[in-house]
Amino acid sequence: MTLRYDAVSYTYPGTSIGVFDVSLEIGRGELLAIIGASGSGKSTLLKLLAGFVKPANGRILIDGKDVGELLPEKRKLGVVFQNYALFPHMRLWENVGYALKVRGIGKAERRALAVEMLARVGMGARADDLPGMLSGGQQQRVALARALVFEPRGLLLDEPLSALDAGLRVEMRDEILRVQRSAGIATLLVTHDQEEALSIGDKVAVMHEGRLVQIGTPRDLYETPVNAYVAAFVGQSNLWPGKVTGTGRIDTEIGALACDTKGKSNGEAVIAFVRPERVQPTSPSAVAEPGHFSGTIEADRYLGPIRRIDLAVPGGRIRLETHLRGPVTSVEIPPDAIRLLPVS
Amino acid sequence: MSVRASTPILAAFSVPGVIVLALFFIVPVCSVLVGALSDGGSAFSRLIADPVFWNGLKGTIVLGTVAPLFSLFIGFSVALTLARLAPGLRTAALIAISLPLTFSGLIVAYGFILLLGRSGFVTLLLATIGLDPAVTGAFIFSPLGLGLAYSYYLVPRVVLIVLPAITNFDRNQLVAARSLGAGGLRALIDVMLPQIMPSLVAAFCLTSAVAVGAYGTALALVGTQVNILPLVLYSKISETGTDLPAASAASLVLVAICAAVVAIGEAVGSRRTRR
Amino acid sequence: MQVIAIAYLVFLAAPVLLLLLGSFGETWSNTLLPAGFTGRWYEEVASDPSFRRAFFTSLQIVGVTCVLNMLIGFPLAYAIQAGARGGVRFAARLVTLMPVAVPELVLAFGFILVFSSDALPWLGSFWLLAAGHLVLTLPYTVTALVADMEQLRLDEYEHAAATLGASFAARLSDVTLPLLRTSLISSMLTVAALSIGEFQLSNLVAGFLSRTYPVVLLQAFYGATGFACAATVVLLILAALASITSSTTAQIGAFEQKKPQ
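Residue numbers (the working numbering), protein chains in the order written: chain X, 1 to 344; chain G, 345 to 619; chain W, 620 to 880.
Derived by calculation from the structure, the hints in this document are not laboratory data. If you're wondering where the values come from, they're calculated on a predicted model, not measured in any experiment. Even for Gly, the Cβ is constructed at its ideal location relative to N, Cα and C. Hints may contain errors.
As the list claims (entries may be wrong) - Residues from chain G that keep clear of chain W, each with C-beta distances beyond 10 Å, as calculated:
1. Pro-395
2. Thr-409
3. Leu-433
Said to hold, decoys possible - Covered stretches of chain W, going by a simulated chain X footprint (3 or more residues, C-beta under 8 Å):
4. 771-785
5. 790-797
Take the sequences, apply the hints, and build the full model.
Here's what the structure looks like:
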């Protein structure tokens with residue numbers, strides 16, 4: 001039960017938008033989250049897999065078989081749509097049982113299986129209701145049940161949480177993960193919410209302008225982004241353009257920094273990348289050392305457990321996150337906190 | 345292209361409709377237009393030499409401008425009032441207002457004879473305060489009176505086009521404009537009017553085309569006595585031994601006016617929907 | 620603004636009220652309102668052979684027009700909404716504008732020219748009249764159905780049904796048609812209202828024996844006021860019934876999908 005894109009390209013007719021040369025694989029029981037800004041091609045990837053559009057180049061494989069010519073109804077993939085698309089004229093059990101109906105399963109058995117599936121998502125008592133009576137979260141649960149009841153070969157989730165309130169979103173995120181895990185099914189989740197992607201994806205793929213920029217575990221993406229786009233898209237970051245001035249030294253717009261320059265040649269343009277929580281407040285030091293900065297607080301946001309501070313320093317700004325409650329005027333950026341990214 | 349249905353299925357779905365429209369719309373209309381050009385344009389020169397045609401054209405242009413403008417004013421005011429009603433009440437009022445849309449022009453005509461005709465209700469009412477029924481009763485049979493009767497089914501069209509634009513309009517903008525010091529009417533003119541202008545133009549064009557092309561109400565009210573182009577054409581068509589190429593030429597003029605007005609409305613209106 | 624709206628409602632109701640009053644009035648000439656009360660005008664209309672014939676012809680025309688609209692209009696609307704892009708979509712939009720851009724009078728003239736020829740000698744026949752009503756109402760049906768399909772987000776439901784394994788035929792019968800049920804009923808009722816009142820084409824195209832009710836009605840305007848009123852009220856009630864049922868069906872349909880049964 002694997003889903004695979006093999007060098008897939010697709011362009012929307014009359015435009016230059018689409019996806020270009022995308023290859024990725026989702027293993028059995030694995031949840032891959034695809035993130036990207038709107039227009040990045042992430043939804044197109046889902047449409048290609050579901051069969052709503054056909055790839056211009058490349059192959060789409062389910063369990064190793066090319067499904068390029070297969071109509072959506074032959075692909076056996078469960079899809080949860082952004083607005084759920086529950087059939088308003090069918091009761092919940094009829095909605096969930098619809099995939100069984102078109103497969104010729106009798107009414108009594110269909111109903112039993114549908115009610116059982118509804119119970120698994122906590123909606124067993126509402127089997128005879130119509131979708132119009134449900135809240136967004138409940139519709140979400142039913143949509144999930146409907147997509148899974150016919151034991152599909154893969155589960156496709158298209159921005160499943162975007163229509164929900166913030167509080168409910170976290171709850172449903174866990175619910176989706178629970179149901180997905182118990183079904184042990186290869187799952188593709190499309191979202192624009194990076195927090196959502198990092199928290200439930202086994203792997204996360206970042207799309208940008210139709211191309212797959214990086215794919216990896218949430219930790220890979222957060223700690224070792226391949227370029228400034230991914231660094232900025234995933235979490236908070238400091239990004240300073242600069243130049244390598246010698247082994248272990250770079251010069252940036254805010255000043256000199258000491259860091260590992262392995263693989264970079266002298267004079268090469270780079271972007272220095274530092275996560276705000278790696279910047280450490282220090283006591284003011286008299287000597288101007290690389291990696292030590294003093295400045296004034298430009299913005300100070302209280303976020304409960306931490307404060308997120310923008311420190312204005314000569315030449316630029318340093319964003320840091322700290323538990324400290326007192327005034328902050330000087331900071332240190334340890335060499336191992338700095339990663340050098342290529343200038344795109 | 346679509347995954348909802350294969351191309352052959354969609355093509356098969358559209359075939360009956362295309363055949364019906366081709367045979368019973370395109371062919372008849374084209375034969376009229378071809379007929380106008382059949383004798384090398386001499387039909388047009390006969391038409392141009394005919395004073396009845398020019399009178400009819402004049403009447404139609406007056407009717408096609410005055411009736412829509414009047415309907416636009418009334419329809420806009422009604423739509424503004426409807427937009428402030430509770431949704432349930434608004435729906436009920438809309439159902440009532442759109443009733444005339446499906447009324448035959450004849451119903452409207454006879455209703456107006458009873459209301460404003462020579463011995464109509466309003467005419468006799470005005471006679472009690474000394475207005476001559478012979479004068480007031482003749483109004484409905486004039487082009488302007490005809491325009492008033494037309495507005496009976498033009499106003500609902502205006503309301504149906506303009507109301508969505510007004511309800512979609514964010515009223516907080518008016519509040520904002522007034523908080524910045526603009527008076528009520530001024531806020532309406534400066535802030536609301538420019539945003540709903542495309543709908544107003546579209547409504548004007550649609551109602552104008554309807555007013556130019558219709559003849560049923562006019563025929564029922566006044567026979568073929570009023571000088572408007574459709575009635576000139578109607579008498580040409582219904583008389584035997586008539587000059588058919590000239591009738592075709594008059595049809596061509598009528599279609600040209602209506603099509604031009606509709607095209608303008610569509611050009612402006614598509615901006616309205618695309619926004 | 621409100622004053623204008625109220626004045627407009629009076630303007631809307633006045634002719635209808637006068638027609639109703641006139642139809643029950645014994646006599647009405649040169650007085651403010653009719654004198655006496657009688658139902659005899661309706662009896663006269665009902666017993667008039669040409670009105671009876673026209674009434675039943677109209678009902679037949681309406682029935683045929685509605686059925687043909689459903690059989691031809693729905694597939695056409697579906698093909699446009701599901702498949703048409705670019706140029707085809709534009710052409711479809713033009714078709715829906717045609718009834719306004721080309722006056723009924725000109726279309727009727729075209730019918731006279733084309734269908735009185737030896738090749739197609741159909742002028743005056745019932746079926747040509749029905750075809751005329753069909754082309755006049757078809758653009759309305761297509762516009763209304765396409766708009767409803769867009770508004771219902773039919774494509775999403777059909778995509779959902781497809782991923783669940785439903786074939787095109789299954790989607791059509793299980794999803795598309797049930798979802799469009801109220802739309803179809805509502806637009807057929809509007810078509811009925813339009814067809815029953817249609818005068819401008821029928822007046823020139825109908826044969827003597829296939830004259831519809833409005834065509835015969837015009838003659839009544841030259842007779843007794845009470846008779847004309849009663850004959851007009853019959854038409855008014857039929858059109859109003861169809862139109863109001865159409866609107867309420869649409870409203871109930873929108874409401875029903877939100878409430879349990």
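Now for the hints, and whether the structure bears them out:
no., hint, result
1, Pro-395, "holds, 21 Å"
2, Thr-409, "holds, 17 Å"
3, Leu-433, "holds, 12 Å"
4, 771-785, "holds (count 11)"
5, 790-797, "holds (count 3)"
The structure agrees with every numbered hint stated previously.
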